[in-house]
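**Student:** Given next are the chains, with one letter for each unit.
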Amino acid sequence: MTGNWFHIAKAEFQVQTSGFKAYRMPIAIGFSVLGIIWALIIAPYVMALVLTETLGIPQSVLVMVMPGLMRAGIMFIWVILLILPLSNALKEVKIGQWEILLSNNVRTSEILVGSFAGKLSVYGLYVLYLAPLLVAPFAEALEVSPAGQALMYITIFVVTVGTIWLSQLIVTAIQSKLAASPRGKDLANALAIALSFVAILPLVGLQLFAPLMSEILGMNVFLIFPFTWGADLVTQMAVVFNGTGLAVGSLDATLGFHWSINVLLLGCFSVALVVLGLLSADRLFTIRVSTGTKSTRTSHNENLALRGVRRVAAGSFGVLVVTGLKDFGRKAQNLSRLTLLMLLALTVPIFIYIRAGEFDLTSVNIMISLMLGFLGVQVFGGSGFLESKDQLWTIQAAPQGVRRYMQAKTAQSILLIVPVALLPAGLYTVLLGLEPGQIFFLVSNSFVSCVGGALVGMGIAANNPTYEDTKSGAYTTNNLRAMGLVAVSFMWHFIADMVLSMLGFSAVMNYIWESQTLSILAQIIPLPIVGLVVVSIGCHRLSNRE
Amino acid sequence: MKVENLSIIADGLAKSFGSVNAVNGLDLNVPAGTRFALLGPNGAGKTTTVRMLSGLMKPTRGSASVCGYDIISQKDEVKAVTGLLPETPGLYSKLSATEFLEFIGALNRLYGDALHDRIDALLSILGLEGRRDDLLESYSSGMKQKVLIASTLLHEPSVVFLDEPTSRVDPSASLLVKELILALAEETDTTFFICTHMTSFAQDICDIIGILNDGELVTVGPPDSVVEAAGAYSLEEAYLKIVGRRVDRAALLAWR
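In the order they appear, the protein sequences are chains A and B.
Each residue of the first sequence is one higher than the last, beginning at 1 in this note's numbering.
Each residue of the second sequence is one higher than the last, beginning at 1001 in this note's numbering.
In case anyone wonders, no lab produced these hints; they're calculated from the structure.
A quick note: this is a predicted structure, and the numbers were derived from the prediction, not measured.
The beta carbon of each residue, even a glycine, is placed where N, CA and C say it ideally should be.
There could be a bad hint or two in this list.
Below are the BS3-like pairs computed for lysine-lysine, each with C-alpha atoms no more than 25 Å apart in a straight line [what the hints assert, rightly or not]:
no.	chain 1	residue 1	chain 2	residue 2
1	B	K1144	B	K1178
2	A	K21	A	K10
3	A	K389	B	K1144
4	A	K389	B	K1058
Computed footprint of chain A on chain B; a stretch qualifies when at least three of its residues, placed anywhere within it, have a C-beta under 8 Å from a C-beta of chain A [claimed, not checked]:
no.	region
5	1074-1083
6	1100-1108
7	1116-1123
8	1130-1143
9	1228-1234
Okay, chain A solo, but in the shape it has when bound (with noise of 0.2 Å):
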């Protein structure tokens, strides 16, 4: 008789192939044929032939980079591995569907195991299309033998089960902590959107600063994650078996361990993490309410700047505004997403300036403001707009409610952003010494380009809104024409460049291409406007009766 963790395991599968779900079984099947065949023959091939026929890089080199960019390899790997699946598991808290497995005499390992497993078959199609990059320019320029590769991979599936066993067990823990309260939710929706930023970091670290990261990758402190075992393994297996004469001990100096501890460490390490899991899942899966989310929140005064606004707008609508502002302040997600594009459009221009050596004010202006912008559709559109269907009834029920809704968020949004618009444009003022009608020039333009991105994102959330369901097609597709429209409003000025050039008046584009202030602005200035016929659209759609 099959064991209950296979049914878990199975409908995990299911729910994650969902996608699909009508030819589900040939696609998995034809999606693991054609990945053997990748990682076997076509990976192989295809980089050897860049790597020798079209880069030309000497075997000397590549055997010096090996150690570094396989621990940034499998790095990347692990940090994927590991929190992708917690962000996207903390956005769904499963607390329901434990209390129906519990209830139906199911052991708590075998919750465990069977979620585990059906994760497993998908994020292991993941690895075996991503692994052969890695192992593959190595293996074919050290000519490693068959039997050499096959413990390469075989190190490389050890690393991804044991971290996919990792995050299934945080996941459960941080699940069970945080519960299903209103709180809770909150909490592990903001978590979740601090770790997909977490997940981007190393990519962006290996696009920007790959030398130096391999560099700092080499140091022996790393010595102490899971993912240096795995990678210094990997890269000792290619040397071990190589068939180009290269010496066994040649790497020892670069690499921590000798390869037999990296074998005990990592298997210590798998067993260990296995072990904790099933001993400790009774513990893990118990459900509970934490304080923090079982604790009642209470209002308190209103601060000075609420105060502020009431005393502004002293009629109904500064009521809206007011009530606007604290619910969007109490949310942790809203927050969270603040902070992380804030940060994003902090140091986005000193990333540019590190990988192109330009840091003046027309770029710092452009970057900043196509940031906010970004920052604009993701805070104030997206999730944050309305929590539900049942919300929108009600604002629905009063007379002009969504009009009235939608132009107190727009103030509420406005408001937000004049401290959000100040910080990036405060940072580069004092590190390029700008004087005072360019630090107006600079905060003016942050300004317009966060409204424009926020009135786009409410516009396109009040054209179709998805609420709180962060993981349909819907709020997919809204983002990304949200983002799309964003970027593509800042990139006006080729078209009408080229339409202009077509029809003979290129003279009215080199006008304003030749003056520094009428070139920015027009591509900051299109976007405001842009973001005004989307949600005037977005407001008529939304107060349309079904």
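With chain A's structure known, arrange chain B on it following the hints.
**Tutor:** What follows is chain B alone, placed relative to chain A:
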């Protein structure tokens, strides 16, 4: 019956969602100050009817007026004179009860001392004065329902639509809601249009009962008349006879 004494008039009101007819040709007259109960099984079209009459949903066919305002061309006027308690709560979890009621009041253009006095009074009547500043995320479902009832009455509507008002509250709160409805109806001439499948609740407080089945109003009249016409001993029995949902004991165990 004079038209000017009628709060709600529906004439052939219908709503379809694709091929599904949720409400089919509803004819209805509800006099002002009446407590009208719309009974019906799940999916009978009660919520759709309420949403159309409160100006939230556009009928596919037919017409209706509420307090003399046409629900199609004068939806904002209809909303101004009606209050709607939705079937499921659409609260703002991060606002306190006072703040949420302030928000609803502001949507209805109320503010200042007049609004705050009304909020204080309603929260006190509903027994929530001690939790008024706690965020709604910490409220039980019954407490949330009380806040929603307060929000429905806040702007003193002439017609109140209550969709399953007691489905989430305990018996004592249910009694409180009943008394509140009776007091308001008697003192202020407010019309109550209550959707429910709780026959005892409807029988206790309503003077007219309509039974909706598969989108059609199959019977309407005072509770006693409905019971008598169905040849039943109670409203529950009459309801079961009319909607045809009898319990077959043998069938209940057929799955074993």
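**Student:** All hints are to be evaluated individually against the structure, with a verdict given for each.
**Tutor:** Now for the hints, and whether the structure bears them out:
1. B:K1144 with B:K1178: holds, 17 Å
2. A:K21 with A:K10: holds, 13 Å
3. A:K389 with B:K1144: OK: K389 of chain A and K1144 of chain B at ~16 Å, within 25 Å.
4. A:K389 with B:K1058: holds, 17 Å
5. 1074-1083: With 7 residues in contact (Cβ-Cβ under 8 Å with chain A), the coverage given for the region 1074-1083 of chain B holds.
6. 1100-1108: holds (count 8)
7. 1116-1123: Coverage by chain A is violated for the region 1116-1123 of chain B (0 residues, Cβ < 8 Å).
8. 1130-1143: holds (count 5)
9. 1228-1234: As far as the region 1228-1234 of chain B goes, the hint is violated, because 0 residues have Cβ atoms under 8 Å from chain A.
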